[in-house]
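Top line first, the protein sequences correspond to chains S and Z.
When we follow the working numbering, the leftmost residue of the first sequence carries the number 1, and every step to the right adds one.
When we follow the working numbering, the leftmost residue of the second sequence carries the number 370, and every step to the right adds one.
Please note that a few of the clues may not be correct.
Stated by the list, open to error - Examples of chain S residues toward chain Z, derived with CB under 7 Å:
| no. | residue |
| --- | --- |
| 1 | 3 |
| 2 | 6 |
| 3 | 10 |
| 4 | 14 |
| 5 | 140 |
| 6 | 144 |
| 7 | 203 |
| 8 | 204 |
| 9 | 206 |
| 10 | 207 |
| 11 | 209 |
| 12 | 210 |
| 13 | 212 |
| 14 | 213 |
No lab work stands behind these hints: they were computed from the structure.
Backbone N, C-alpha and C define an ideal beta-carbon position, used for all residues, glycine too.
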Amino acid sequence: MKRFLGFVKKEFLHIFRDFRTLIILFGIPTAQILIFGFVVSTDIKDAPVAFLDFSKDEVTQKISDKICSSGFFKRIDNLQNYDDIDKVFRKGRVKAVIVFGDNFGRDLISYGKAAMSIIADGSEPNTATLITNYVTAIVTDFNRELVNTSSAGNILVQPEVRMFYNPELKGHFMFVPGVITLILILICALMTSITITREKEFGTMEVLLVSPLKPVHIIVGKVLPYFILSFIDVIMILLLSWFVFDLPIKGSIILLLAETMLYILMSLSLGILISTVSKTMQQAIFISFLGLMLPTILLSGFIFPIENMPKGYDWVSAFLPPRYFIVILKNIMIKGTGFLYIWKETLILMIMTTLFIGLSIRNFKLRLE
Amino acid sequence: MKNTVISVKNLVKKFGSFTANDNLNFEVYEGEIFGFLGANGAGKTTALRILSGLSSPTSGEVIVAGFNAKKEPEKIKKNIGYMCQKFSLYNDLTTRENIMLYGGIYGMRKASIKERTEDLLEKLNFREYGDRMIADLPLGMKQKLAFSVAVFHEPKIVFLDEPTGGVDPITRRQFWEMIYETADRGITIFVTTHYMDEAEYCDRISIMSEGRIVALNTPEELKKQYDAGSVEEVFVRIARPPFPPSRSAGFHAGGQNRAETKPPSGGWGPGIGEGVLE
Numbered sequence: 001m002k003r004f005l006g007f008v009k010k011e012f013l014h015i016f017r018d019f020r021t022l023i024i025l026f027g028i029p030t031a032q033i034l035i036f037g038f039v040v041s042t043d044i045k046d047a048p049v050a051f052l053d054f055s056k057d058e059v060t061q062k063i064s065d066k067i068c069s070s071g072f073f074k075r076i077d078n079l080q081n082y083d084d085i086d087k088v089f090r091k092g093r094v095k096a097v098i099v100f101g102d103n104f105g106r107d108l109i110s111y112g113k114a115a116m117s118i119i120a121d122g123s124e125p126n127t128a129t130l131i132t133n134y135v136t137a138i139v140t141d142f143n144r145e146l147v148n149t150s151s152a153g154n155i156l157v158q159p160e161v162r163m164f165y166n167p168e169l170k171g172h173f174m175f176v177p178g179v180i181t182l183i184l185i186l187i188c189a190l191m192t193s194i195t196i197t198r199e200k201e202f203g204t205m206e207v208l209l210v211s212p213l214k215p216v217h218i219i220v221g222k223v224l225p226y227f228i229l230s231f232i233d234v235i236m237i238l239l240l241s242w243f244v245f246d247l248p249i250k251g252s253i254i255l256l257l258a259e260t261m262l263y264i265l266m267s268l269s270l271g272i273l274i275s276t277v278s279k280t281m282q283q284a285i286f287i288s289f290l291g292l293m294l295p296t297i298l299l300s301g302f303i304f305p306i307e308n309m310p311k312g313y314d315w316v317s318a319f320l321p322p323r324y325f326i327v328i329l330k331n332i333m334i335k336g337t338g339f340l341y342i343w344k345e346t347l348i349l350m351i352m353t354t355l356f357i358g359l360s361i362r363n364f365k366l367r368l369e
Numbered sequence: 370m371k372n373t374v375i376s377v378k379n380l381v382k383k384f385g386s387f388t389a390n391d392n393l394n395f396e397v398y399e400g401e402i403f404g405f406l407g408a409n410g411a412g413k414t415t416a417l418r419i420l421s422g423l424s425s426p427t428s429g430e431v432i433v434a435g436f437n438a439k440k441e442p443e444k445i446k447k448n449i450g451y452m453c454q455k456f457s458l459y460n461d462l463t464t465r466e467n468i469m470l471y472g473g474i475y476g477m478r479k480a481s482i483k484e485r486t487e488d489l490l491e492k493l494n495f496r497e498y499g500d501r502m503i504a505d506l507p508l509g510m511k512q513k514l515a516f517s518v519a520v521f522h523e524p525k526i527v528f529l530d531e532p533t534g535g536v537d538p539i540t541r542r543q544f545w546e547m548i549y550e551t552a553d554r555g556i557t558i559f560v561t562t563h564y565m566d567e568a569e570y571c572d573r574i575s576i577m578s579e580g581r582i583v584a585l586n587t588p589e590e591l592k593k594q595y596d597a598g599s600v601e602e603v604f605v606r607i608a609r610p611p612f613p614p615s616r617s618a619g620f621h622a623g624g625q626n627r628a629e630t631k632p633p634s635g636g637w638g639p640g641i642g643e644g645v646l647e
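Assemble the whole structure, with the sequences as input and the hints as a guide.
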């Protein structure tokens with residue numbers, strides 16, 4: 001045990017003495033969270049909207065005033081017919097058009113129901129989602145007032161949301177789960193594969209193998225510091241997104257941390273596997289980058305929704321562990337669901353971890369022989 | 370009567386259909402400097418790996434420091450030191466930290482590591498380098514330090530795999546002085562080398578070719594036996610029989626040479642023999 005601790009200490013020394021490693025460990029996560037957080041702003045303010053009002057009655061007036069006085073929207077234009085909608089969108093003058101049908105106020109009074117449309121510019125999916133959500137919220141608020149003041153009982157305005165250009169608009173841009181997923185793969189897989197191949201390249205691995213340290217001690221000793229540091233990283237990211245962006249964790253924190261540990265373990269075993277097949281650090285970096293980083297960014301659902309991927313790509317995505325972890329994170333952090341909703345993803349990650357460890361042991365034994 | 374520290378009987382190591390070690394038999398005695406020579410791919414590295422407990426023999430009996438290489442490789446590892454051709458210290462650790470690390474790995478107590486570190490630094494005239502990063506030391510110094518670290522835990526045997534590669538002649542001489550001194554302390558030295566002048570420094574040498582030991586004796590006896598002026602001549606004559614330097618051209622022209630049907634020992638290169646160490 002003492003031998004092992006001395007060995008772990010040495011690995012920590014390697015990490016803390018290498019400026020680049022420290023940057024990757026602590027600089028990149030902080031930078032990514034801040035960049036994604038500020039650039040991908042979740043606030044809308046004075047978003048330009050146009051109204052197409054076929055009724056022009058008291059109720060539509062009230063609703064549109066309420067929307068424009070909220071501070072989120074600014075009335076840019078009043079349209080006359082449907083053809084204008086496309087024109088204003090193409091000119092890029094408005095982010096959304098709000099349409100009230102004929103006899104809006106009368107329908108609302110007589111049938112207790114009236115239809116309106118919110119048409120948003122789907123070429124900017126995030127803004128579009130935000131706008132429709134905000135308008136819907138404002139209309140819901142209006143409904144509540146209406147119910148409270150009117151004696152007629154249930155009368156409701158039902159906003160119908162439609163997206164132009166990108167009708168599905170799935171995949172909330174929730175960057176924190178994505179960044180955690182990416183950072184962990186980066187630190188765990190890339191860094192461990194580099195640190196192990198470095199020992200091979202410099203010849204120190206040979207000396208370690210001849211020493212009384214068992215191979216399993218060497219490997220565990222090398223990855224343990226990364227396990228600890230990446231766990232600290234996750235906590236750092238969560239605290240940062242909480243303090244800076246008010247992102248709460250809706251589900252159980254213990255479950256979240258447990259799942260994170262599983263994912264770290266998976267990434268570490270992947271890093272070890274990469275190190276067993278690469279002879280030089282360059283090779284390890286190449287495999288980690290092309291094989292892990294790029295697919296994680298592009299195919300795991302981090303930025304581009306899996307539902308919108310062309311056939312074939314979604315299949316590739318099924319083999320990417322980050323894809324499942326993003327689902328787990330989103331479920332726990334944003335939806336606040338429990339283990340019952342993510343057991344399948346958890347199981348897949350467990351199977352992948354076992355598989356990677358098994359393959360690594362096999363490769364390692366082959367190499368020793 | 371000399372004590373035997375390494376005893377190898379009928380050692381065979383096969384990789385699939387390729388036989389890397391073909392029935393090796395030899396003994397190494399306590400405090401001896403044993404030179405292990407052979408062309409690249411002759412099977413030296415494979416044998417070295419078996420002796421150091423890294424790999425298991427296919428058949429035969431190998432006893433190192435009193436332990437069986439097949440059954441107790443872990444015990445062998447505790448009783449040997451190892452220095453390889455690539456530089457084996459960590460560049461981003463200081464001299465003291467490197468010594469502390471390896472001393473710790475071999476289970477030495479902290480207090481005794483500290484005490485012996487100071488003695489060692491004193492002896493090597495390294496005092497001022499104790500807290501310097503290894504990366505800042507000149508190559509010769511690193512090499513000496515690597516050797517000192519390999520024998521720091523007072524192993525019974527130390528294996529040196531081409532320890533003087535890329536080192537200048539003066540440092541090489543100093544290095545061999547250290548080897549002699551260590552052997553005088555009773556530590557057995559098992560060394561592979563490509564420098565034939567170094568082979569002359571050994572008490573006994575063995576020469577491997579194509580997986581077999583083709584010669585084993587003191588350098589003097591071997592020179593006498595092969596009527597050669599130096600170990601180098603002996604080596605060239607027996608390690609690569611198809612290509613004696615003076616007649617190789619003739620052999621090629623004749624087309625009767627063994628290289629036609631079977632690659633010469635050197636031809637295996639990084640194939641199976643040496644490559645497995647990667």
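Verification of the supplied hints:
1. 3: With Cβ-Cβ at 5 Å, under 7 Å, it holds.
2. 6: Interface hint status for residue 6/S: holds (3 Å vs cutoff 7 Å).
3. 10: 5 Å, holds
4. 14: At 6 Å from the nearest chain Z Cβ, residue 14/S passes the 7 Å test, so the hint holds.
5. 140: 61 Å, violated
6. 144: 65 Å, violated
7. 203: Holds, because the Cβ-Cβ distance from residue 203/S to chain Z comes to roughly 3 Å (cut-off 7 Å).
8. 204: Interface hint status for residue 204/S: holds (5 Å vs cutoff 7 Å).
9. 206: Holds: closest Cβ of chain Z sits about 5 Å from residue 206/S, inside 7 Å.
10. 207: Hint holds; residue 207/S Cβ to chain Z Cβ min 4 Å, cut 7 Å.
11. 209: 6 Å, holds
12. 210: 4 Å, holds
13. 212: This hint holds: residue 212/S lies near chain Z, its Cβ roughly 5 Å from the closest one there, short of 7 Å.
14. 213: Hint holds; residue 213/S Cβ to chain Z Cβ min 6 Å, cut 7 Å.
In this structure, the hints that do not hold are numbers 5, 6, in rising order.
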